[in-house]
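S.K.: Sequence:
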Amino acid sequence: MPEAKEINLCTRHKEVEYSNLLETFFEESVAMYAIMDRDFNFIKVNNAYAAADNRGPSQFPGRNHFDLYPSDAELIFKEVVNTKKPYQVYARPFVYPHNPERGITYWDWTLAPIIDSNGEVDLLLFSLYNVTESVKATEELERFFTLSIDMLSIMDFEGKFLKVNPAFEKTLGYTSEELITMDLFDLTHLEDKKRTIHSIENAITSAEPIVYFENRLCCKDKTYRWLEWDGFTDKNKRVIYAIARDITERKKLEDEIQRLESLSLLGTLTAEINHEIRNPMASVRGFLQLLYNKEECKKYKEYFDLMISELDRANSIITDYLSLSRTSTVKLRKTNLNEVIRKLEPFLEANAMNSSNTLVIKFGEIPDVLLDEKLIRQLILNLVRNGLEAMDNSGILLVSTFYEGGSVVLAVQDHGSGIEQDILKKIGTPFLTTKNNGTGLGLSICYNIVKKHNATIDIDTGAEGTTFYIRFQTEKIEAAYSTY
234 MPEAKEINLC TRHKEVEYSN LLETFFEESV AMYAIMDRDF NFIKVNNAYA
284 AADNRGPSQF PGRNHFDLYP SDAELIFKEV VNTKKPYQVY ARPFVYPHNP
334 ERGITYWDWT LAPIIDSNGE VDLLLFSLYN VTESVKATEE LERFFTLSID
384 MLSIMDFEGK FLKVNPAFEK TLGYTSEELI TMDLFDLTHL EDKKRTIHSI
434 ENAITSAEPI VYFENRLCCK DKTYRWLEWD GFTDKNKRVI YAIARDITER
484 KKLEDEIQRL ESLSLLGTLT AEINHEIRNP MASVRGFLQL LYNKEECKKY
534 KEYFDLMISE LDRANSIITD YLSLSRTSTV KLRKTNLNEV IRKLEPFLEA
584 NAMNSSNTLV IKFGEIPDVL LDEKLIRQLI LNLVRNGLEA MDNSGILLVS
634 TFYEGGSVVL AVQDHGSGIE QDILKKIGTP FLTTKNNGTG LGLSICYNIV
684 KKHNATIDID TGAEGTTFYI RFQTEKIEAA YSTY
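In terms of my numbering, the sequence shown opens at residue 234 and continues consecutively.
Honestly, the hints are just simulated from the structure, not real lab data.
Do not rely on the hints blindly, as some may be mistaken.
To be verified - Each computed DSS-like pair below joins lysine-lysine, with the alpha-carbon atoms no more than 30 angstroms apart:
#1 Lys277 - Lys311
#2 Lys484 - Lys426
#3 Lys396 - Lys484
#4 Lys427 - Lys468
#5 Lys455 - Lys396
#6 Lys277 - Lys318
#7 Lys485 - Lys564
#8 Lys427 - Lys453
#9 Lys403 - Lys427
#10 Lys607 - Lys595
#11 Lys484 - Lys685
#12 Lys607 - Lys567
#13 Lys369 - Lys403
#14 Lys403 - Lys470
#15 Lys484 - Lys455
#16 Lys403 - Lys455
#17 Lys576 - Lys595
#18 Lys485 - Lys455
#19 Lys685 - Lys576
#20 Lys685 - Lys564
#21 Lys607 - Lys485
#22 Lys277 - Lys393
#23 Lys455 - Lys468
#24 Lys567 - Lys685
#25 Lys684 - Lys455
#26 Lys527 - Lys564
#27 Lys485 - Lys427
Turn these sequences into a full structure, and let the hints guide you.
M.R.: Put into C-alpha cells, the structure is as follows:
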C-alpha cells in the first residue's frame, strides 16, 4: 500500500521534527530544566540548569539531586512521587552547600511527575526560575518603606488604608492594625474632606499624579496635623501609592510670619498715628475742656461729653496699637497670680455689673510664677471684657486659677455662643473682630503678652461657651528667674 507507507513516513518525519523542536527548546531555554528518575537521579539537564551551578550539562547524569543539593525539599519530592501530583513553590530560599559565599538565593520551582503506561511515576521534570534579584528588590523596597521618615501608605480607590509605614503610625498615633480598619476620609478634617475627595477622584479619572496637596488628619489624641501629599494611582491594581510629610510646624511658622508682618505694618502705622494724629487730638481735647467750662457753652454739655468721650476712646485704641507694636522690656518678678487677680477684683466686678452679668472667681492653690504684673493685669482685663461681651444679660463669667501638669493655669470661661471654626483658626491675628465696634486688637494683645511670658494659650469652645486657658510654666522658674 504505497499510500499507507507514505503516510507512515510523513508521521515519522513529523515526530522527528517535533522531537528536535523539544530538544532545542529544552537545551536553549533560559529557564532551567532537569529530568530525573523517580529516585531523583539526574538523567538530563539543560545548559541553563548547569550554568546556574557553574557546571557543564555532562556533569549531572547519574548523580543524585540530593547528594549535590541536600535540603528538606527531599520530602516534597517524595510527596510528588507518592501522590503523582505536581508541586510548586515560590521564592524558596536555598544556599549552595559547596558555594556558601553566594549567600541565600531564592527560587520559584515546579516538580511535575511523568506517568508511564502503567500509571506509575516514571520520570520527574524539574523546572526552576532564579528570583533572587526580585526578592532582594522587594526586601529593599520593604526596608525603604519601613525606615522612611516620610509617611508612606497604600490605599484603595475608596481611600481605605491597605498598608502604612511606621512613620505614619508615629505621626498619627495609631497602630497599622488600627489604620487598616479606617479610610483616609474618616481622619480628614471636616473642612478639608470635600477637597480631599475631589483630589483623589481627579487622580483616578485623569491618571494625573497628586502633587503638594495639603489637608489635616485627626490623630489618636484628637489633635490635627497638617500633611502635604504626593501620590499616584495604579488603575490595574486599583490602588493609590501616597507619600505625606508633616508640615504642621511649617504651617505654624507661616502663621507666625503673617502675624509678624501684620505687627510690622502696625508698627509703621502706629509711628505715624502717634505723631500725626495723637498730638493734634490732645490739642483738640484741651480746647474742648476749656470751652466746656465757659458759661455760654453749658447748654451744650452733652455734646462736649460725647466729643471728649470719643476722643478718649480713639486715644485708647491708639494705646492698644502702641502696645502691640512696641518691643518693650518685660519685667518678670516672682508673683502669685491670685494676688494680681485680687487687686483687680473690684474693677472686674464693676465691669460685670455694667454689662448685667455675674462674675465668679475661684482661687486654687498655686505657686509663684515669673510675671510682669502690669502686662498680666492687661491680659486679665482684656480676657474678662472679651468674655463679658460674648454673653447676653444675666450670664456668668468664671475666672479661676489652678495648678496642673507643672503649670499655673488661668482660666476665663464665658457662657456665650462659642467661636466659629473659621474665626478660631485665625484668632489672635491683629484687626480680626466679630464686633461692630471692635478693633480686633484685644486678643492680639493677649497673645502678645502670653508670648512674652513664654506661656501658652488654649481655647475650648462650643455652643455652651468658650474657655481660655493660659498656662504659665513653673518647672524652669529658677533658671528663668536668674536671667532677669
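S.K.: Each hint should be assessed against the structure and marked as holding or not.
M.R.: Here is how each hint holds up against the structure:
no., hint, verdict
1, Lys277 - Lys311, "holds, 19 angstroms"
2, Lys484 - Lys426, "holds, 19 angstroms"
3, Lys396 - Lys484, "holds, 27 angstroms"
4, Lys427 - Lys468, "holds, 22 angstroms"
5, Lys455 - Lys396, "holds, 22 angstroms"
6, Lys277 - Lys318, "holds, 21 angstroms"
7, Lys485 - Lys564, "holds, 27 angstroms"
8, Lys427 - Lys453, "holds, 22 angstroms"
9, Lys403 - Lys427, "holds, 26 angstroms"
10, Lys607 - Lys595, "holds, 21 angstroms"
11, Lys484 - Lys685, "holds, 21 angstroms"
12, Lys607 - Lys567, "holds, 13 angstroms"
13, Lys369 - Lys403, "holds, 27 angstroms"
14, Lys403 - Lys470, "holds, 27 angstroms"
15, Lys484 - Lys455, "holds, 18 angstroms"
16, Lys403 - Lys455, "holds, 14 angstroms"
17, Lys576 - Lys595, "holds, 14 angstroms"
18, Lys485 - Lys455, "holds, 18 angstroms"
19, Lys685 - Lys576, "holds, 22 angstroms"
20, Lys685 - Lys564, "holds, 10 angstroms"
21, Lys607 - Lys485, "holds, 29 angstroms"
22, Lys277 - Lys393, "violated, 52 angstroms"
23, Lys455 - Lys468, "violated, 34 angstroms"
24, Lys567 - Lys685, "holds, 15 angstroms"
25, Lys684 - Lys455, "holds, 25 angstroms"
26, Lys527 - Lys564, "violated, 45 angstroms"
27, Lys485 - Lys427, "holds, 23 angstroms"
This entry does not satisfy hints 22, 23, 26, going by the numbered hints stated previously.
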